[in-house]
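Taken in order, these protein sequences are the chains called X and L. So for the first sequence, the working numbering puts the first residue at 1; every next one is plus one. So for the second sequence, the working numbering puts the first residue at 1; every next one is plus one.
Calculated directly from the structure, the hints in this document are not laboratory data. If you're wondering where the values come from, they're calculated on a predicted model, not measured in any experiment. One or more of the hints may lead you astray.
Stated by the list, open to error - On the chain L side, residues computed to face chain X include the following (Cβ under 10 Å):
(1) T15
(2) A17
(3) P18
(4) A20
(5) K21
(6) R23
(7) K25
(8) A27
(9) L28
(10) D31
(11) R32
Ideal placement from N, C-alpha and C gives every residue a C-beta, glycine not left out.
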Amino acid sequence: MAGRVITVTSGKGGVGKTTFSANVSAALAELGKKTVAVDTDVGLRNLDIIMGLENRIVYDLVDVVEGRCRLQKSLIRDKRVATLHLLPAAQTRDKSAVSPDAMEKICAELRQMFDFTIIDSPAGIERGFQNAVIGADEVIIITTPHVSAIRDADRVIGLVEAADKQHIRLVINRLQPALVRRGDMLDIPDMLDILAVEPLGIIPEDETIVISSNRGELAALTNTSPAGQAYKNIARRLLGEEVPFLPLETSRGWLQWLTRLFKSN
Amino acid sequence: MKFLLKLFGQALPETSAPRAKERLKLALTYDRNGLEQGMVEQLRGELSRVMAKHLAIKAEEIQIDIDHSAELDKLIASVPLRSARRPRGAAAVSSAGAKTTAGAKKAAKRR
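Please work from the sequences and hints to get the whole structure.
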């Protein structure tokens, strides 16, 4: 049975695409699915270093596109989880080295080899983004609760819809419940209302992420931190399981009730 | 602390998230429709020139709003028409200014 090719994109840079791609790929692999994470950020590669596989790269995406090696040879198998693989990007070239056509062919091959192909898109809406999206069966949009990220996410959603991609879902990353309670950060219902895309997951701000990336570890594999838990839940949802969203205290609850009581007087 | 201020009737500084939501909704309406916010002024000017050929209007009174409350975003131009007719009835009384109450009552009866 053919696998699923899922592209992770955002428009805005730095919202967590690579960390998400790495962790959700790992979580899927740990659940027994044969998974490959693909870095399409040619020239600014990071999926390898986030996964802690930077010293195992021999061949990369551009080598495959330019015929210097077969696809199979470029794949790095993760030693922590046997079903997890990485197809790294090239670092000394740029996105013009890969064409959407070439990407589409590679995706077709990966679709036959893997249950899940997670494509980490670069930021932007230019060639790199186009390369990342062309072969996608499904698209995950990553945003954070900031005006800039949401504006960019909206634009990207429009572009992805225009490319006839039907399965588009949203992940809200780096939520800070305390700020939301204070009324100084956009709330989940607000963002879902503005973007009008089905939510796949909500990931809280979590300092263990930077610690994991420092060590080349993956939160979804190594710990039970809130973010790690969220990534694991997202993987389960991708497999069709109904997993309730993590309880993030974004409403004042009792404090709200109390303030309402005083306001009415 | 904020809570105590509220008790004593002090106004709390407005939190920023609602403002972010407002600004985003407006910005996205413009983005999605390929409009520029600065273009609205231009539109007002051009609309008034066209309409002035047929109607008595004041360009600066034309109000242009983007309504993004329903599913379809709408651009709404509101054009106040200057009435060229003489004001009638109670309006006549108030605009004329110094009328007796009796006169005002008579005017009201006639309507």
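Here's how the hints hold up against the structure:
Given the 10 Å rule on beta carbons, the hint for L/T15 holds: about 3 Å separates it from the nearest Cβ of chain X. For L/A17, the interface hint holds, the least distance from its beta-carbon to any beta-carbon of chain X being 5 Å, beneath 10 Å. Annotation: interface hint on L/P18 holds; nearest CB of chain X at approximately 7 Å, less than 10 Å. A distance limit of 10 Å between C-beta atoms decides the matter here; for L/A20 the minimum to chain X is near 5 Å, and the interface restraint holds.
At its closest, the beta carbon of L/K21 sits 5 Å from a beta carbon of chain X; the interface hint therefore holds under the 10 Å criterion. Against a cut-off of 10 Å between C-beta atoms, the interface hint on L/R23 holds, since the closest Cβ of chain X lies about 7 Å away. A distance limit of 10 Å between C-beta atoms decides the matter here; for L/K25 the minimum to chain X is near 6 Å, and the interface restraint holds. The beta carbon of L/A27 comes within 6 Å of a beta carbon in chain X, closer than 10 Å, and the hint placing it at the interface holds.
The beta carbon of L/L28 is positioned within 10 Å of a beta carbon in chain X (closest approach about 5 Å), and the interface hint is therefore held. Checking L/D31 against chain X: minimum C-beta separation of about 7 Å stays under 10 Å; hint holds. Hint on L/R32 holds. Least Cβ distance to chain X is approximately 7 Å, under the 10 Å limit.
In this structure, every one of the numbered hints holds.
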